[in-house]
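Trainee: In case you want the letters, here they are:
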Amino acid sequence: MLVAILFKTILIGIIFLVSLGIAAYSTYAERKVAAFMQDRVGPDRAGPFGLLQPIADGVKMFTKEEIIPNASDRILFILGPCVFMLTALMMSAVVPWGKSFEFGGVEFSLQVADINIGILYIMAIASIGVYGIMIGGWASNNKYSLLGAIRASSQMISYELAMGMSIVAIILMTGSLSLREIVDGQMHGHWNVFYQPLGFLIFLICAFAEANRAPFDLAECETELIGGYHTEFSSMKLGLYLFAEYVSMFISSAVISCLYFGGYHFPGIDSLDLPQNIAAIVSVAVLFAKTFFFIFFFMWIRWTIPRFRYDQLMKLGWQILIPLSIINIMATGAWMTFVK
Amino acid sequence: MSHYLFYILSTLSIISALLVVFSRVPVYSVLWLVVCFFTIAGHYIMLNAQFLAIVHIIVYAGAIMVLFLFVVMLLNLNKENEQHKINWVKFAAVISGGILFLTLIAAMKSSDLGTYSLPIKSEIGFVQNVGMKLFTDYVLPFELSSVLFLSAMIGAVVLAKKEKS
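Residue numbers (this note's numbering), protein chains in the order written: chain S, 1 to 340; chain C, 341 to 505.
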């Protein structure tokens with residue numbers, strides 16, 4: 001019991017540090033990818049190939065002057081970025097990061113909580129993610145911030161519906177709400193993306209919208225709203241907002257890999273009969289490789305597709321994605337009833 | 341262990357519920373209500389009803405309270421421009437609140453509140469069991485309530501639709 005608690009605590013600590021580390025290097029990767037797409041060099045001053053750039057950025061953020069506007073609501077102004085970061089980090093609790101390790105006959109699962117409603121937990125955390133933005137935007141007492149916050153939250157609420165309904169099709173196929181069971185149902189290359197291409201597309205678009213990433217970054221559209229909900233934020237509070245975006249990008253990439261791309265399974269590796277601990281390490285590496293691909297994909301899209309107009313965004317969410325996801329559910333249901 | 345958790349959660353729910361009423365700033369009230377919903381979700385988990393807990397968070401904290409927050413933020417209700425309530429509104433509020441209080445007292449009197457016993461570890465709150473119950477024993481009320489939701493949705497769409505001149 002004590003060993004299990006100790007192991008979980010260490011696991012939580014490791015996931016926390018890894019999320020932050022990956023988020024930090026995502027900022028570097030984003031600049032490099034953008035530079036590559038625009039035929040530039042990108043950051044190359046700090047350290048070899050500019051690898052120390054995230055540290056330099058962090059120091060810059062910390063040493064900037066901290067300004068809390070006089071007319072703002074002080075408590076909520078500080079609470080906003082904290083809530084946003086908290087919800088971004090909380091989502092990692094149900095992600096199965098790999099197969100279990102085994103030491104001395106005791107199994108150590110690489111998942112913080114294997115609850116039987118894992119996928120609903122993700123939906124719940126995604127739906128309370130709007131509070132960080134709304135609180136921060138309102139507490140700034142600035143029209144642009146409030147408008148940005150309202151845009152961001154109405155966008156997140158709209159896309160949550162289609163996201164939830166695209167997940168329903170997966171639940172229909174797997175018959176379970178537990179993320180580990182969904183991942184284990186995709187062994188031997190039976191990835192959900194081959195059975196649910198439409199559902200995957202809907203989920204991916206919604207994940208972009210949930211993360212407030214381009215082409216759905218209307219919340220911080222500088223030409224209309226200056227900086228959106230974080231206009232008034234400075235120093236590390238702004239840093240937290242920007243950083244949390246990368247954390248949630250990392251975790252939603254991991255969730256996409258788990259739901260549609262077999263998670264820690266890769267065809268061929270399961271049949272190699274590796275010893276359990278080595279198989280566990282390989283499975284973690286497989287999941288991270290998939291996750292990194294999706295992080296790259298997020299950046300690829302950002303530097304390729306221009307921003308939507310607000311009415312286009314709402315039209316896409318309500319009039320295209322939601323009907324499509326309902327059709328997807330009906331088709332999956334019919335297939336499961338009559339074919340399988 | 342679970343005793344202590346129960347008392348901590350209950351204290352938190354009562355305090356946050358009181359703060360909902362006593363906060364002067366409407367936005368704070370809404371946020372305290374969100375906290376209150378989270379503690380109630382905690383109670384559901386203690387009763388081994390994880391599905392209810394998570395749906396409670398998704399529906400109440402994630403959807404309804406966001407809508408509340410929207411309205412309160414857009415109306416920009418602050419304590420500075422708070423209007424003084426008219427007398428008969430206060431009177432009506434006291435009466436309706438008092439009626440609710442009486443009902444609650446009556447309900448409490450009839451139930452046995454003598455001792456706190458550990459919740460029975462039933463599995464009724466699991467997704468499979470809730471689903472089975474809903475779609476066998478309670479299928480008619482379930483479908484009727486979804487028809488009700490549908491009609492409410494259509495009503496909202498009709499109201500929001502612009503009239504063609």
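Among the clues, some could well be false.
To be verified - Derived pair list, reagent style EDC-like, types lysine to aspartate or glutamate, alpha-carbon separation capped at 20 angstroms:
1. 60/S with 44/S
2. 502/C with 30/S
3. 8/S with 73/S
4. 501/C with 107/S
5. 60/S with 107/S
6. 473/C with 483/C
Stated by the list, open to error - Interface residues of chain C toward chain S, partial, derived using beta-carbon atoms under 8 angstroms:
7. 394
8. 400
9. 403
10. 404
11. 481
12. 482
Stated by the list, open to error - Only part of the chain S face toward chain C is listed, based on derived beta-carbon distances under 7 angstroms:
13. 100
14. 120
15. 128
16. 130
17. 134
18. 195
19. 226
Simulated from the structure, these hints should not be mistaken for lab results.
We put the beta carbon where it would ideally sit given N, CA and C, even for glycine.
Trainee: Interface hint check: residue 404/C, Cβ to nearest Cβ on chain S, cutoff 8 angstroms. Holds or violated?
Mentor: Violated, because the Cβ-Cβ distance from residue 404/C to chain S comes to roughly 11 angstroms (cut-off 8 angstroms).
Trainee: So if I understand the rule, the pair passes when the alpha-carbon distance is 20 angstroms or less; does residue 8/S with residue 73/S pass?
Mentor: At roughly 37 angstroms apart (the allowed maximum being 20 angstroms), residue 73/S and residue 8/S break the hint.
Trainee: Can we keep the residue 403/C interface hint, with Cβ of chain S closer than 8 angstroms?
Mentor: Holds: closest Cβ of chain S sits about 7 angstroms from residue 403/C, inside 8 angstroms.
Trainee: Hey, residue 501/C versus residue 107/S, does the alpha-carbon distance stay inside 20 angstroms?
Mentor: At roughly 58 angstroms apart (the allowed maximum being 20 angstroms), residue 107/S and residue 501/C break the hint.
Trainee: Does residue 100/S hold up as a contact with chain C if the rule is Cβ-Cβ below 7 angstroms?
Mentor: Hint on residue 100/S: violated, closest Cβ of chain C at ~22 angstroms, above 7 angstroms.
Trainee: For a C-alpha distance cap of 20 angstroms, please report whether residue 60/S and residue 44/S respect it.
Mentor: 17 angstroms, holds
Trainee: Would the hint on residue 130/S stand, with a C-beta cut-off of 7 angstroms toward chain C?
Mentor: 6 angstroms, holds
Trainee: Is the shortest C-beta separation between residue 400/C and chain S less than 8 angstroms?
Mentor: Violated, about 10 angstroms.
Trainee: Would the stated hint for residue 226/S survive a check requiring a Cβ distance to chain C of less than 7 angstroms?
Mentor: 19 angstroms, violated
Trainee: Quick one, are residue 502/C and residue 30/S close enough, alpha carbons at most 20 angstroms?
Mentor: 43 angstroms, violated
Trainee: Against chain C, run the beta carbon of residue 128/S and see if the smallest gap drops under 7 angstroms.
Mentor: 5 angstroms, holds
Trainee: Need the status of pair residue 60/S, residue 107/S: alpha-carbon distance at most 20 angstroms?
Mentor: 43 angstroms, violated
The structure does not agree with the numbered hints 2, 3, 4, 5, 8, 10, 11, 12, 13, 18 and 19 stated previously, though it agrees with the rest.
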